[in-house]
Amino acid sequence: MRIRELRLTRYGKFTDRALALPHAHQDIHFIVGPNEAGKSTVCSAIGDWLYGIPARTPLAFLHPMPELRLGGVLQAPAGRAGATDELSFDRTKGNKNTLRAPDDKPLSDAVLQPWLAQVREETFRRLYALDHDVLVEGGDAILSASDDVGRMLFESAGGLQHLGQLHAQLLSEADTLWGPRKSATRIYYQAHEAFDKANTDLKAATLKTKDWKALHEQMLSTEETLADAKQRHQAARQQLARLERMRRVAPLLAKRDMAIGALQSLLDEGGPVASLPGNARAVYDQAMQQHMLLEADVSRLTAELQRITTEQANITVDQGLLSLRTDIQDLNERRLQYRAHVTDIIRRREEVRLEWIQLQALAKGLGWAIETEEVVKQRLPAASHRARAHKLIKEHATLLQKQVAAQSELKSRQLQLQTAEAELARIHVVDVSPTLMDCLDDALSLGNQDAAVRHATEAVDRLQKLLDTALDALGDWRMEPLVLQKQLAPEAATVQALMDAQRADSKDLASHKADHLSKQEELAKLEAALRLWVNRYQPVSREQVEQARQRRDSDWVTIRSAAQDIEQHAQRFEVRIHEADQLSDNRLEQVEQEAQRASQAEQIEYQRLEIQRLQGRADVIQARMDARAAEWAVLAGACGLPRLPIEMGPTWLSQRQKVLDCVAELADAKNISAALRQDAERITQALWAELQAGQGAWPDGNPPTLSECIRQTKDWVSAAQEAKGRRMALTRQIEADQASLEGLKRAGQVAQAACDAWGTHWQSVLLAMGYSLDMSPEQVEPELDVMTQLDQIFSRMSAIRTERIDTMQADLDGLAATAQALAKRVTPESTGQWTGLSTDEICLSLSRMWNECSAAQQHRMALEQRALDLSDQRDKATQAHLAVVTSLNHLQALALAPDMVALDAAITRSDRQRDLDTQTAELDAQLIAHADGLSLHALRQELANTDPEAMAAEVVRLNGAVEDLVNEISQLSHTHGIQKTAFDALSGSGQGAEAEGRRQLAIAAMSEAAGRYLALQTAQMLLKWSIERFRETRQGPMLAKASGMFQTLTQGSFARLLVDSDGDKPRLLGIRAEGQQVDVKGMSDGTRDQLYLALRLAALELQVDQGLSMPLIADDLFINFDDGRTTAGLQVLSELSRKMQIVFLTHHDHLVPLAQKVLGNGLNVVEL
Amino acid sequence: MKFIHTADIHLDSPLRGLASYPDAPVDRLRTATRDAFTNLVNLAIDEAVDFMVIAGDVYDGDWKDFNTGLYFIKEMGRLRRAHIPVYLLYGNHDADSEMTKGLELPDNVHVFSSRKGETFHIEALKVALHGRSFKQAATTESLLPSYPTPVPGWLNIGVLHTALEGNHAHARYAPCTVAELQAKGYQYWALGHVHEHWMLRGDTTIAYPGNLQGRHIRETGPRGALLIEADGADITSIDRIELDVLRWHVLEVAIDAAQSSRDALSLARQGMTELLESVPSAIPLAIRVVFTGCSPAHTQLVRDDAQLRQELIGQALTLDAERIWIEKVRLQSTAPAADFLSPQAGGELLADLSTMAQAAQEDPDFLASLQAEWRTLLEKMPHEVLLQSEEMAALRQDPTAQLTPRIEQATALLVSRMAQDVSHTQPQAPSVA
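Those protein sequence lines, which keep their order, are chains A and B. Here the numbering used here is used: the first residue of the first sequence is 3, the next is one more, and so on. Here the numbering used here is used: the first residue of the second sequence is 7, the next is one more, and so on.
Each hint should be verified, as a subset may be incorrect.
[What the hints assert, rightly or not] A short, non-exhaustive set of chain B residues, derived as facing chain A with CB atoms under 7 Å: (1) K70; (2) Y77; (3) C300; (4) L376.
[Stated by the list, open to error] Derived pair list, reagent style DSSO-like, types lysine-lysine, alpha-carbon separation capped at 30 Å: (5) K1141(A) x K1159(A); (6) K132(B) x K982(A); (7) K141(B) x K215(A); (8) K205(A) x K386(B); (9) K141(B) x K212(A); (10) K509(A) x K521(A); (11) K122(B) x K132(B); (12) K396(A) x K366(A); (13) K80(B) x K215(A); (14) K467(A) x K210(A); (15) K212(A) x K122(B); (16) K199(A) x K386(B); (17) K509(A) x K527(A); (18) K404(A) x K393(A); (19) K107(B) x K210(A).
[As the list claims (entries may be wrong)] Footprint (simulated), chain A over chain B, 3 or more residues, beta carbon under 8 Å: (20) 240 to 247; (21) 263 to 274; (22) 284 to 297; (23) 392 to 405.
The hints are simulated quantities; they were obtained by calculation from the structure and are not laboratory data. Ideal Cβ placement from N, Cα and C applies to all residues, glycine included.
Given only the sequences and the hints, what does the whole structure look like? Please build it.
Below, the structure written as structure tokens:
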């Protein structure tokens, strides 16, 4: 589609301005004008013309909004088949029918649709109406691939992105296997570590043959040395043993010889020796020792006994004093018990004195004489009088109170009676008539009459309105309700059925017509196609060939029949022959085309038949519909409703029914309202008459409303009833008051009599107590209290004197008498020594004397016991001495010893012989033990051949040698043990083999990791290489186009565009001629504009190639272009304008000559 | 009368090429060759054989740990206590080994001299054993001429370590031919050196028992020794007794019928199950799984070899963790040519990628950078790994020759990975307003 002409009839600043944009080979048009000339207006006018003027437009500043109008002519692109070539239309401002034909007839929007080829307004303004801002915005959208064009741009990168991801994946996989840097996370190096470890283990576990041999030989040599050392050790030990034996035996032999010699000399000296028991010496010595000890004991005990007897004779004891022990102890205890009495008596007397002083003070307060206790006691009235006075004082208050209460009660009752009587006199009573009550009941039974009447009236109004509305809805066919009621209306169902049938037919008819139309269009297309076919291929039909042959044959007949004119006809006949042959040949050559043509012709024929069939069916339906319309007209006429369309039939009928319903309801409501009003009127009149007939002061004239009547009646009745009740209550109260008044008067008199009796009693008491008769109870009462206190003090003083002081004095006196009596019993002869002594001193002396006498008695008894014990001990010692002497008798007999001295010598000889025998036996045993089996003789022989000094030196030497040998053997054994352990450990262990096994595992693992790494790495590198090639060779059509345009626009500064798909999402790069990659952000403003323009134009060109052509409106797109690039831009536009219309708006005049240079002088320049 | 014929024991020679993984039966197999030899000695004692013949290679030539020799002596000691004499011939590996000279063997072990052919006579059994040990490893001349003439009427056993008639798999040591052996007039030739069991019956029986324990994937199948019974000078029966403690197998899985990697793995599992059933239950298996055939599943298998290995290991663990050790997984299968290039699978891009990868082979800069990358890895790798891994060795020897196969391998990997990606995310054609 292109725009041939744009008319700015009333739009912005323009009035009736037309811009002609005639078609040319290069369909580019320059619209030039300075600022404010209206370029932007033209730009927006094209959009508004095509898509409608928006509701709010800033362009109604000259012409009023409703009068805005645009117009123009659209033109189909050259060669577009099957469409009208041009469309001229206007656009007005408004809500509907804005599309107008040049004669201002409204046009359907559908007329314009095919021209716009489904390009929506938003799309048009975004893609085809470009100013600089739209261009930049659209460019950004493309680069972020956020719109379809963007996706198309990066389409080719889709695959590359997959490749990029795969490449990253391969790299990462390869990296886990191997890398030049050692890393514990890489599988190869993990295996390598195991390999190193296994290598170390293998080395450690490997036993080399020469090492084994060396170890073996070393061990054998050590074993040999060890055996030799052991042998030498053995020899030295043997030698040493012999010398040791000799050293042990020599002294034993010598000792033995000496013992035997001593025994012999003993016998020689004293003859035969008596053999006494071995313990003879011990028995003898012990007996002698005991003998001496016992003799000493006896003499010591005898002396001691004599001394005690003497001492005992010197002690005397007073038995009389001893017998008084109980009396003296008793006396002493009493003395201790009464020791505090003296001070206590003094303290009690002080207490009595203090009480007396207090008593004096109190008595003085009463005005009494206070010289002695007796004086005070006499003045104190008797207790009985004081008690009576107390009682009277108490009664006095009660009596007074009773008297006052009786009087006040009487007075108040009298006052109450007077008040009640006055009120009774004031009350006025009226009676209510029963008729009035009946009337009131009637009125109340009606309820809220006013509200009921109001509701009824409202209902009538509402129904009246509904009726009016329903009547209005009858429209042109309105009738009065009475007429409607009488009308004979058709059944609603009948009408509905009629209408449904009519609608169904109408729909059928429309569909048939539509089919008819499409078939006709189809027919037209087929005919056109056939024409085209025939024109293009010119197929030859059989009929044509037949006709040509007939013409040829008829000419031949002509020639044959007129041979003389052969010259004349031959030429034409030849032409005929040629023509027929040519046609025949053509037919043969184009038999396929002819078949196609025939087939198309058949299709056309078929279409025609189909159209006829559709027309026939449509006619039938139309006839049916007409008949039904006539039927309806009859029905409607019968009802008096001529011209009522059938479609309105059911609606009108239902509306009619609504009217009739309303009428009935309205009548009912009116009846109810009237009845309510009548009832109210009747009852009001009755009530009012009754009220006036009663005693109330009611105004004459018409009664008030019913509710007011009811209220007033109710008030009046309740007031009357209240007065009646009050009078009855007052009457009862007055009667009760009068009855109680007499009782009250009597009570007053009784109280007065009691008071008088009390006065008489009081005076008698005052007299008895010594008071004057005018003393009141209030005066006497405090003095009575003081007297009670005096009484108490007297009783306390008396108690201290009798109970405490007198008792203690009696105790002390008793004690003194007892002491004197006891003293006389102790010393009857010299009583004078006690005179002048206090009771305490007497007691203490008696006690001391008794203690001394008791001690002397005890000492004498102890001495007696001791003398008895000593005598007993001396007897026992004497007996023991005798026993000792007897015990030695049997030894004396054995030794044939006449006395103790001879026994002693015999025992000594016997012991000596026994010692020597024992010594000899022991030495023999030792010699046997140390002789190593040699006889005494052999031992003596051995010793005889050896020099004792040399032997000692030899022993020292041999001991040293043995020690050295032991050390040597120990060291050798140790060495051998180590060597043996080490050697035994070499038992054919499989550790080396195991380490080798692990080494092989590691090698296999490394080999596998390396193999996989190589495969992945090779694949990775191959892929990387391929991706680079892809980038260079595989570009999408849009990228290819944009790339070329960008190169032109930048005048070769950039060689091409490249989509980089390495990252998360592909991005666009500009590649400079020298290969440098430039990101879009790194481009200058101008270059970026050129990139955006290239992208946009490439997208548009692709769309043109796909058959979609709309004019491009370019508004000053080159603002950031220098002259060189502007020229390049014009060149690009020039190329594009061969395929689509371009309207270029600019305010730069100087662009015009530049454009004319690039685009030729035929350029259409419109100046605003 | 019965005796055992064994050879090529290679004591303490490690198992090679097994990469360990969690739950692999590592501990059971560390001393496999020893365990197999212990089995052999147990067999001799249990069967109460009259003697044992070892036809060379008790040790691994370059194995230095003398403990191996001590272990051998201990086992010989057991035979001595059971009164079983051993006739030991040193092969090329033994000649290399230091242990041969250092060890003092028990008196029941009779070693054939290396200076000349020697005969041991067992009077009681009327058996004569003839043999000559290797003096040095590289014994390339025939030792046969020095073998003594047979003892008439006796059972003559020739013991020889040889690569019979140029067995190419083994070094050509002490070569001789069957005819030469037959001509010698012995009743039985107890041979060693060739690790595969082989036997020729006839007037002269010639036999290789094979080695006692397979040590890598080239020594597959059961391994063991021969138990021979004779009646006078006649060999009456020869039984092959399996003594190995781990068995190597190459499991070929043909995936032609598989539609997906699941199917292929299922086939592998089936293969492993059958293998387990066919082998005595005590013996663990080291299995190399080789996928062959042509199937769409190939593309999925090639996608991630580490994952494939893990999945097979997972299957092995579930089948019998104690018995299966996945040695390696090899993909020798192929994919139907057009499979992944269908438009549904984003074929255009894949086709481009294949083409592009093809083109990479003609970019000298790329090839140079690839080789440099390989060199970096190879230079950092221990010598042992280079010796063990065939692919590393090949890469080091002639990297240029590896370029094409390696790039093809990488292309297959890329295409399969890419096919997975694009089939997951179908590109959407943009619509234009």
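Handout entry: Restraint check for K141(B) with K215(A), where alpha carbons must lie at most 30 Å apart
Key = Given pair K141(B), K215(A) holds - Cα atoms ~21 Å apart, limit 30 Å.
Practice task
Decide if the proposed pair is consistent with the structure: K1141(A) and K1159(A), CA atoms, cutoff 30 Å inclusive.
Solution key: 20 Å, holds
Exercise for the section: Please work out if K199(A) and K386(B) have their alpha carbons no farther apart than 30 Å. Expected result: 18 Å, holds
Practice task
Count residues of the region 284 to 297 of chain B with a Cβ under 8 Å from any Cβ of chain A, then say if the count reaches three.
Solution key: violated (count 0)
Handout entry: Hint consistency between K141(B) and K212(A) [alpha-carbon to alpha-carbon, up to 30 Å]
Key = 20 Å, holds
Problem - L376(B) as an interface hint toward chain A, with CB separation required under 7 Å - result: Holds. Min distance 6 Å.
Problem - Agreement of K132(B) and K982(A) with the hint, judged by alpha carbon distance not exceeding 30 Å - result: Outside the cut-off at roughly 43 Å; violated.
Exercise for the section: Would you mind confirming whether the straight-line C-alpha gap from K509(A) to K527(A) stays at or under 30 Å? Expected result: Cα-Cα ~27 Å, so holds.
Practice task
Mind checking the alpha carbons of K404(A) and K393(A) for me, to see if they're no more than 30 Å apart?
Solution key: Given that 30 Å is the threshold and the Cα spacing comes to 17 Å, the pair holds.
Practice task
Report holds or violated for chain A covering the region 263 to 274 of chain B, Cβ cut-off 8 Å, minimum 3 residues.
Solution key: With 0 residues close enough to chain A, the hint is violated.
Handout entry: Agreement of K107(B) and K210(A) with the hint, judged by alpha carbon distance not exceeding 30 Å
Key = The given pair, whose Cα atoms are some 12 Å apart, holds under the 30 Å limit.
Problem - Distance restraint between K80(B) and K215(A), which requires alpha-carbon spacing of 30 Å or less - result: OK: K80(B) and K215(A) at ~17 Å, within 30 Å.
The structure does not agree with the numbered hints 3, 6, 14, 20, 21, 22 stated previously, though it agrees with the rest.
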